[in-house]
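So the protein lines, in turn, are chains A and B. Counting from 1 along the first sequence, just add 6 to a position and that's the residue number in the working numbering. Counting from 1 along the second sequence, just add 6 to a position and that's the residue number in the working numbering.
Worth flagging that the hints you see were computed from the coordinates, not collected in a lab. Warning: the hint list may mix true and false statements.
The list treats identical chains as one, so a pair stands whether inside a single copy or across any two.
Only pairs whose alpha carbons sit at most 30 Å apart, straight line, appear in this in silico BS3-like list of lysine-lysine [unchecked claim]:
(1) Lys171 x Lys407
(2) Lys287 x Lys320
(3) Lys118 x Lys287
(4) Lys147 x Lys118
(5) Lys320 x Lys34
2 protein chains.
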Amino acid sequence: MALIVQKYGGTSVGNTERIKNVARRVAKSRAEGDQVVVVVSAMSGVTDGLIRLAKEITALPSEREMDMLLATGEQQTIALTAIALHTQGLGAVSFTGGQAGIVTDDVHTKAKIQNINPEEVHRALDQGNVVIVAGFQGRTKAGQITTLGRGGSDLTAIALAAALKADLCQIYTDVDGVYTADPRIVPTARKLPEISYDEMLELAGSGAKVMQLRSVEFAKKFNVVFEVRSSLNENPGTIVKEEMQSMEDVVVRGVSLDKNQAKITVWGVPDRPGQAARIFKALADNSINVDMIVQNVSHAGGVRVTDISFTVDKADLPKGSKVIEALKPEVGFTECTADESISKLSIVGVGMRSHSGVAARMFEILAHEGVNIGMISTSEIKVSVVIDLKDGETAMRAVHKAFLE
Amino acid sequence: MALIVQKYGGTSVGNTERIKNVARRVAKSRAEGDQVVVVVSAMSGVTDGLIRLAKEITALPSEREMDMLLATGEQQTIALTAIALHTQGLGAVSFTGGQAGIVTDDVHTKAKIQNINPEEVHRALDQGNVVIVAGFQGRTKAGQITTLGRGGSDLTAIALAAALKADLCQIYTDVDGVYTADPRIVPTARKLPEISYDEMLELAGSGAKVMQLRSVEFAKKFNVVFEVRSSLNENPGTIVKEEMQSMEDVVVRGVSLDKNQAKITVWGVPDRPGQAARIFKALADNSINVDMIVQNVSHAGGVRVTDISFTVDKADLPKGSKVIEALKPEVGFTECTADESISKLSIVGVGMRSHSGVAARMFEILAHEGVNIGMISTSEIKVSVVIDLKDGETAMRAVHKAFLE
């Protein structure tokens, strides 16, 4: 008898028909003798509807009250899911995040899980119940309702799997698993049977939108093996787990393309200590997330100067440019330019560590396609390049073909 | 500085505009220096929508899960009301029933309040906040979410007023207060400035639909003075309170008409001990509420027999008749007849205790109008008669005119 945590997202519980479908899936697992904990999101549309109501009152609602408001979405789904499981002849009991023992800090709308007291969940399981837990939410020590922010339901599932020492954690979504590339761009992309946490993190961080980074980070930290799979079919999904020796045989696990970035270049920055810090502190102070940063070696000459390029989310570009322009008197650079027409192409694989020349081969492929490289950034298991937006998809297909087909 | 508990029903918080309106009302009370606890219902339509979802899954959803589901309605309103109060520049904090310290038994969907721990509410008030509490719900000692059943939000307000030792409890609704009769039937009906708990109970119990009986009973038990008033205007409402000497000057406080009753008569019941008990136990076992019961003296003759008449809700008539028919072999009565075309007219007033001849006068008025009386039932402060449905409204106007104009 295994203990399985299954998480179903908002689309999988989008209406009562789909909730009944989830109940049938859970019943199947129970019939195989497994104990099941189900984590559900709010029905799709419910959270947006609640946010709309709050925004009708004010543009800036209190974060504590938004948690109070939004937590009801998942609470509705757990009750309906329990009711649907009863119609399958199963014992089932629903728990809010707080009732499930999920204790968080008190940072409303983006609370962090501090610990989980799984006694009540264990007790309900031992009584033969399926336990349904509201994703995305918890309770502070003082009894306040909190939410975990984006991707919070995945996090609930993975954290519960860790606390319950579950044998398996399944993240049900509307895709079949993790692919070597986005199949909408690369028709020859393949579903990966497995992937390491680090590869998953690098892929998610470079534009592949399967899961939020923090859920994967949490899984890695607590070594929770989980499977990403579809709630719409019976296909096996992708197992995400600790890196194994054999994984290094594959040089590149996946290719991702991020078309949502823009590049800012600050030209002629005087090469004095602290100038880069000034620039990036100003951006951070304005809540602008910077992704890639490249600083070239200084130019020789009278006063040594350097050029600093970095990428930000396209949405942050106007604000980012403004922040930089405002620094001109203080930093004394020559010019600041912005480029929206870029994309970031990344290859990811733990095998890169033991295989040399991977970056060089990627550059060769791009050169062969006539694609110009604007920025390069590498980590131990990733190579990212910034290229023209118009070249993005062609380059992605070429790189996928060379490394993965 | 007074402490006021204000309760707003589903219509008063039916959309965000109305919630803002509630916030303005509360702000006014705060501006006068009072501390305010606000109890709110779910936005009108929300609870019905949730019930519909559950019924899409099964006709008989689990009561525990229905509580989990329905409690979200009020939780949404408290958050939105707090947000609206913030926009009025007021400190405000929302509490679920459980967070407000409302402890209930574990009878899901109709839980009883066992006690209230008002420390957290007091603390929030003392910090200068308006406290918004979700009506209709509580939490068991074990942390389960419960709901209080029909009229539960009124009960929450009155119970909180008692626990907090509030100076005033205001029940805001869509009518101006308690009237001497339903103004839709009796255009000359007047709003009552005050009414005793017992009169309010008898009026509510005889068809006047202002409040559920249990909230008034609770108020009487804990001597909570409350005011029923409109959230749509500034008119003073009706104060409901302990009976005072001066109230006895008024013989009849109000007239009510219940058109939702039906009469069953069991003819020729052998006059042996235990026969009436058999009949009414069978009805109770089938969850049929009986209102009026009249048993005439036995007829003389060979075997002494009697006729028993009683009224039930119209909806229960088919089931009630069936239950009685099934008793025929055991009880040995002659016949069972049913009459749907009845109405029950009642006059209520604590003054009846000290004024004799009130019932006689009512019968005279009805006789003068040519109205035939089918059944009579009296309590210390109420006289009810069953008359033809077609005579109901005319009779009500005549009785109102004679006693109250």
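Hints versus structure:
Proximity of Lys171 to Lys407 under the C-alpha cut-off of 30 Å is found in neither arrangement, the shortest distances being 40 Å within a copy and 76 Å between copies. Only within a single protomer do Lys287 and Lys320 lie at most 30 Å apart by alpha-carbon distance; the minimum there is 19 Å, versus 75 Å between protomers. Taking the shortest alpha-carbon separations for Lys118 and Lys287, only the intra-copy value of 25 Å comes in at or below 30 Å, while the best inter-copy value is 57 Å. For the homomeric pair Lys147 and Lys118, the shortest alpha-carbon distances inside one copy (12 Å) and between copies (27 Å) are both at most 30 Å.
Neither within a single protomer nor between protomers do Lys320 and Lys34 lie at most 30 Å apart by alpha-carbon distance, with minima of 45 Å and 46 Å respectively.
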